[in-house]
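S.K.: The lines below spell out each chain.
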Amino acid sequence: GENVEQHPSTLSVQEGDSAVIKCTYSDSASNYFPWYKQELGKRPQLIIDIRSNVGEKKDQRIAVTLNKTAKHFSLHITETQPEDSAVYFCASPNTGGFKTIFGAGTRLFVKA
Amino acid sequence: GAVVSQHPSWVICKSGTSVKIECRSLDFQATTMFWYRQFPKQSLMLMATSNEGSKATYEQGVEKDKFLINHASLTLSTLTVTSAHPEDSSFYICSARDMTRPTYEQYFGPGTRLTVT
Numbered sequence: 005g006e007n008v009e010q011h012p013s014t015l016s017v018q019e020g021d022s023a024v025i026k027c028t029y030s031d032s033a034s035n036y037f038p039w040y041k042q043e044l045g046k047r048p049q050l051i052i053d054i055r056s057n058v059g060e061k062k063d064q065r066i067a068v069t070l071n072k073t074a075k076h077f078s079l080h081i082t083e084t085q086p087e088d089s090a091v092y093f094c095a096s097p098n099t100g101g102f103k104t105i106f107g108a109g110t111r112l113f114v115k116a
Numbered sequence: 386g387a388v389v390s391q392h393p394s395w396v397i398c399k400s401g402t403s404v405k406i407e408c409r410s411l412d413f414q415a416t417t418m419f420w421y422r423q424f425p426k427q428s429l430m431l432m433a434t435s436n437e438g439s440k441a442t443y444e445q446g447v448e449k450d451k452f453l454i455n456h457a458s459l460t461l462s463t464l465t466v467t468s469a470h471p472e473d474s475s476f477y478i479c480s481a482r483d484m485t486r487p488t489y490e491q492y493f494g495p496g497t498r499l500t501v502t
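Heads up: the protein sequence lines correspond to chains A and B, in order.
Taking our numbering, the leading residue of the first sequence gets 5, the next gets one more, and so forth.
Taking our numbering, the leading residue of the second sequence gets 386, the next gets one more, and so forth.
One chain only, chain A, in its complex shape (with noise of 0.2 Å):
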């Protein structure tokens, strides 16, 4: 069936660095691949998203890479910032594109 794996699920980062989190999935066919940042309590944000005719998408800190061949795609965040902590999850939609399957999420964590 389908599914969607991320890692890490920690992710520890001195400000200013970056930080890079990974997802495989299982589905040939998805070529939607958005990625959300939900704060504690709150509701999940979309943050950036990629189709699978691009390989690449930026904007401004962060970008979506995508390597079909390999069924993976990565968030890249650059110059990270306190506010940047959070939890982040990958997504993908399931065989036909009804459904949303999320990944296990990454807790980041950006120390001043």
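A few of these clues could be false.
Taking lysine-lysine and the PhoX-like style, the derived pairs with C-alpha atoms no more than 20 Å apart in a straight line are [as the list claims (entries may be wrong)]:
#  : chain 1 : residue 1 : chain 2 : residue 2
1  : B       : Lys405    : B       : Lys449
2  : B       : Lys440    : A       : Lys103
3  : A       : Lys72     : A       : Lys26
4  : A       : Lys46     : A       : Lys75
5  : B       : Lys426    : A       : Lys26
6  : A       : Lys61     : A       : Lys115
7  : B       : Lys440    : B       : Lys405
8  : A       : Lys46     : A       : Lys62
9  : A       : Lys72     : A       : Lys61
10 : B       : Lys451    : B       : Lys399
11 : A       : Lys103    : B       : Lys449
12 : A       : Lys61     : A       : Lys103
13 : B       : Lys440    : B       : Lys451
14 : B       : Lys449    : A       : Lys46
15 : B       : Lys451    : A       : Lys41
If you're looking for bench data, these hints aren't it; they were derived computationally from the structure.
Fit chain B to the supplied structure of chain A, relying on the hints for placement.
M.R.: Same frame as chain A, now just chain B:
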């Protein structure tokens, strides 16, 4: 645009009682809404897909008689937790997709924290 509201934001109830949570799409029509449950330090687990005008589709392991879903209009879906028990305490989040748009983006509600005592 694409705002989803949820009510209540938090609720405390006694074991054995029922609780209803509402999810509304405020500025778009949502033929499909999704209900998730999130336990502390865990991911979002899809409970069911709510379809306007038809029965909900439940994920494996989710009791449909315990978690009643009604999607009576294009802007409102409700989740009723019946005979709640302490193990039902969790963060419940709904989301909606604007099916008229060629995108998979989901819009999440702010969540409802349920505590069963």
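S.K.: Each hint should be assessed against the structure and marked as holding or not.
M.R.: Hint check:
Of the pairs offered as hints, the one joining lysine 405 of chain B and lysine 449 of chain B holds, with about 14 Å between alpha carbons and a cut-off of 20 Å not exceeded. A C-alpha spacing of about 16 Å is found between lysine 440 of chain B and lysine 103 of chain A, which places the hinted pair at or below 20 Å, so the restraint holds. Using a Cα cut-off of 20 Å, the hinted pair lysine 72 of chain A and lysine 26 of chain A holds, with the two alpha carbons roughly 13 Å apart. In summary, the hint linking lysine 46 of chain A to lysine 75 of chain A is not supported, as the alpha carbons are separated by about 30 Å, beyond the 20 Å threshold.
A threshold of 20 Å between alpha carbons decides the hint, and for lysine 426 of chain B with lysine 26 of chain A the separation of about 19 Å falls inside it, so the pair holds. Distance hint between lysine 61 of chain A and lysine 115 of chain A is unfulfilled; the C-alpha atoms sit about 26 Å from each other, more than 20 Å. A hinted pair counts as satisfied when its Cα atoms are at most 20 Å apart, and lysine 440 of chain B with lysine 405 of chain B qualifies at roughly 17 Å. Our distance criterion of 20 Å between C-alpha atoms is broken by lysine 46 of chain A and lysine 62 of chain A, whose separation comes to about 25 Å.
Restraint check for lysine 72 of chain A and lysine 61 of chain A: satisfied, since their Cα atoms lie roughly 14 Å apart, inside the 20 Å limit. Using a Cα cut-off of 20 Å, the hinted pair lysine 451 of chain B and lysine 399 of chain B holds, with the two alpha carbons roughly 16 Å apart. At roughly 18 Å between alpha-carbon atoms, lysine 103 of chain A and lysine 449 of chain B fall within 20 Å of each other, so this suggested pair holds. Under the criterion of a C-alpha separation no larger than 20 Å, the hint pairing lysine 61 of chain A with lysine 103 of chain A is inconsistent with the structure, at around 23 Å.
Distance check on the hinted pair: lysine 440 of chain B and lysine 451 of chain B sit about 14 Å apart at the alpha-carbon level, within 20 Å; holds. Restraint check for lysine 449 of chain B and lysine 46 of chain A: not satisfied, since their Cα atoms lie roughly 26 Å apart, outside the 20 Å limit. Only pairs whose Cα atoms come within 20 Å are accepted, and lysine 451 of chain B paired with lysine 41 of chain A is rejected, the gap being roughly 30 Å.
Figure legend: structure checked against the earlier numbered hints; hints not met, in rising order: 4, 6, 8, 12, 14 and 15.
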